[in-house]
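A.B. asks: Hey, can you piece these two chains together into the complex? The hints should help.
Just so you know, the protein sequences line up as chains A and B, in that order. Using the working numbering, the first residue of the first sequence is number 276, and each one after it goes up by one. Using the working numbering, the first residue of the second sequence is number 12, and each one after it goes up by one.
FYI, nobody ran anything at the bench for these hints, they're computed from the structure. We treat Cβ as the ideally placed atom computed from N, Cα and C, and that holds for glycine. Be aware that a few hints might be false.
Stated by the list, open to error - Using 35 Å as the maximum straight-line C-alpha spacing, the simulated DSBU-like pairs for lysine-lysine come out as follows:
#1 K332(A) / K82(B)
#2 K391(B) / K407(B)
#3 K391(B) / K330(A)
As the list claims (entries may be wrong) - Not everything, but these chain B residues come out facing chain A in the computed CB check (under 10 Å):
#4 I21
#5 A22
#6 E81
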Amino acid sequence: MGNLRNNNIIRIFFEYFPMILLFVSVMNDLDFNDVGIKYFSFNFSYILIFYYTLKRKEALGYVSLFIAGLFNDVIVGLPMGISSLLFLLLCGFASYLRNITLRPNLVKDWLFFLFTLLIINSFSYIFLVFIFEYDIDHTNSIINTLFTFTFYIFFTYIFHFIENFFVGYRNAE
Amino acid sequence: MEQSRDDFVIAIRSAFLKKGTQQRFSLLGLIFFSIIFLILGEINFKPINYIKIAIKEIAYRSTFIVSGPEKIIGIGFNKITDHINHYSNYKNMEEKLDKLEALDLSNQIITLENIKYKKLVDDYFIKNNEIFAKVLIDKNSPFLRSVVLNKGSKNNIKLGMAVLDGEYLIGKVVEVNFFTSRVLLISDINSKIPVSISPNDVQAIMSGDGKQNATLQYTQGTDLKNNNEDMMVTTSGAGGLFKSGILIGKINFTEISTTNNLKVNIYKDFSQLKYVKVISFTKEEKALDQTSKDELKTMDAQILEATKQKENIRILLEEKKIAEEVRKNIEIENSQLKRKIFNLQTKLTKTEEAVEEQKKQKENIEFLELNLLYGHKCRKTIFNKLYKVGTPEYKKCVLQKGKM
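Just chain B, with the same shape it has in the complex (with noise of 0.2 Å):
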């Protein structure tokens, strides 16, 4: 008992406690140091947090070149899955497609109309003059949302005109030298942009929170705080410098409640701006005279011809869908008719066995009557040379009633 207990000492002070070659410390040692740097690590010790810091950043940036290998594996991988998919992913965008293409009909239809009646109204703006630039610098300062543009006034940049990323308000021109120019953005606190506040069309105006959104002021007097759904915000066209409908962003109405100032999440991220668009915008000036009159039937017969169109893609697609249902009831049809032939032949084929059945037994019987009354005439003897029985020439003989 109390070797045993020695060899377990032993054991476990050699595992534990004893360096091996080449090993600078003992594991019990490691084990403690472990726990001190949990322990201290937990309370927030200043030099263990730098600690912490390091070699968080050797992990990360470790891993991330040591993962290399295994995102290329994942990225082939994904590439088998996807071709693969390839034709579950192809049908599924045919259906799409066919769904999309009646839609974007609706929106030209849509478009035609609100073009049509924007002109009645004469509030119909078109882009007169479009400039794709690339942002220079984009250096916040606390006291300006700005970026500096690569074009200026050689490009036909003009103060006023109006800058967008893709479909959506980032700001205006407020500043234009010969070869650059500077935007205000829409987050700035001096930035006052007429807006239409969507679904209900109140208009106010909005300004910069002096970071990445905006708040509404003036709301002319409208409560929106009894709102329940999220509102979209654009611009409202007053003033004329901006068309309206111009995308800006969203009030969440979670947020509506909580704080007193209505707060517009901007669509778009200021810090990652790279290239944009300035734009200016004119009202297109058209009395109702006669020109504008043929322009306006001209629409009227694109949106009749958009409605057809609309209208003939949605009886094909109906007419498919018939076609599909009648294929598949055909086919239904025919495995059962299928089915039906197949049962008849059988019973046929019984039947007509049984008729031969039938036929030879009747015969059979019919030869055995006349065999009792004409088998004298026909059977072989010692005194004549008639037939043999069991021979069909005795059996011919015995249907012939013993004639031959």
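Just chain A, with the same shape it has in the complex (with noise of 0.2 Å):
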């Protein structure tokens, strides 16, 4: 009985995991946007936003994503909403990438994401400099995205293992 408990917990951790990871990651320095290292940072949020938009839909709700990007916002100190934005349009991005998709393939899926960070890349920079009057760093922010981009097949592998992992109690499900 108490198994069977034990397994339930970890099926809802499962379940969770995804979105309890972003808002961590999103309310702690998780999110490696400023890790103290010089030309060295990258976003994790949206690494996992992508992976699991892609790979299972279902662990991240819309509305989770908009109040996360909310919180974004109010801990980075950026006008409040357009982390909400931006976290909707990549996981857009990757909706239409699954929707196209018959056989998924890793290099596709990266390149993709590559396309994807530029263009939300490009509207945040277009809304923070000419509508929101922020001073932007060019160099962090493209380094920013070369890392993100980089960064993107080493978690994919972390996250994929992770999934594999709790396979046993989705299957319970």
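C.D. replies: Encoded structure:
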């Protein structure tokens, strides 16, 4: 009986794991957007959202993405709503890729992620610089985009491993 | 072509418009909502501002809780770094301590000299009563800047006693009850303190500004506005209530030219007071009789002793430095000498080998010469029973010129 209850907890944890990870990462420094190393930063939230929208769409709800974006804006100090918009756009691009893909291919996903990142960061730049008059360091922005793109593969394998680890509990559902 | 455009539109529509299972809003709807949120936030629409405030409250509190483990990791990491850097820190501290010891002695000398001269001019105050008290109430009213302490006349608190936080003056006692007392802070408009302004030693009266700081009044016609450095404000000791030299605050030279009143930035933040010291000062009343003369002599002796100690420390530090230099020089010389010895030994070995070679060659030449002359006397033939060519006996015979 106890074992069953434990399994149930793990199953629930597995279900909400990406969402928990997303909220923890936006509330902590775990989004790696400012790790204190010069010329090194990447956006963990983007990787997480893109991967899970592509692989397990039901793991991240649109509303939770919207709220996570609002939290991110409050903590980072950006105009409220901008991160929500970017997260949802990212989610939209991933959904589109999911719809048009018949045979998933990691390299194609990876390249599409780069394309999405460029579009999203362009949106972010347009909103922040031209509308809200923020100053953005171009070098940091480019480095962030490049590292986010590069680390996608690495995190894909980690998330894949986690998904496989929990797969037993998922089937039990 | 038409087919592929249709596919694209269907995929887009499915991605952005279709609600998934358990999804209450479509993606496009939420994107539009975000844009509206951004626009309304930018034009300061009131309901959005309230929502923003609520979200901020929730986000800050949640972040505080969620970042708990991260803080623990951070503290752990700092501890490990501290342990790793322990040795280098210790070495730095040791060096600093050496310097500070010398400085401390200088400080002691200056303090003793100061006391000595103050005694000479009969201006030496000593603390005759020091009471520690807790701040009970520090609620500010717009009319009075004061705090209430938990000590009163029962604990020998008297009107006019100075109240210090650490070494900084914060006010004086203006009301004494049996168990409590009220302190008028120096930032109150009614507080008037005689102060001295360094470095020019200008005397003035300082009055509170009713908030956190104070302003200078009656600077005796001295124009401080031409000053281009920060000035320190301390009690002047005029009136005999406070001793001179208690720290109060400073005047920033950047603010001198911009304002008409000279603003004193008080060192202490009155909103952070917790425990304070209530002190009264009395003048040490001693004429220059025999006892005080003896005391002065003792003090001179102490100054001399401290000076000697300081000099000793200086000498020791110098000696240490010289010893360190000598050690380094010796090390360098040692390594040079070792290198020289090695070179000489190599040369010597080569020379010895050459000599040995030469000796052998000489012997060979001598043998060959003698062999030409006396070889027939030693060589074995069918007519004699002498020695076979090439044997040691033959060589010996040749060298002895055929005599055996």
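A.B. asks: Does each hint fit the structure? Answer for all of them.
C.D. replies: Hint by hint, here is what the structure shows:
1. Note on K332(A) and K82(B): the hinted pairing holds, with a Cα-Cα distance of about 32 Å set against a maximum of 35 Å.
2. Among the hinted pairs, K391(B) with K407(B) is consistent with the structure: their alpha-carbon atoms are about 14 Å apart, no more than 35 Å.
3. With a C-alpha separation of about 108 Å, the suggested pair K391(B) and K330(A) falls outside the 35 Å cut-off, and the hint is violated.
4. At a threshold of 10 Å, the smallest CB-CB gap from I21(B) to chain A is about 8 Å, leaving the interface hint in force.
5. Satisfaction of the interface hint for A22(B) is found here, the shortest Cβ-Cβ separation to chain A being roughly 4 Å, below the 10 Å cut-off.
6. Interface hint status for E81(B): upheld, as the beta-carbon distance to the closest one in chain A is roughly 5 Å, under 10 Å.
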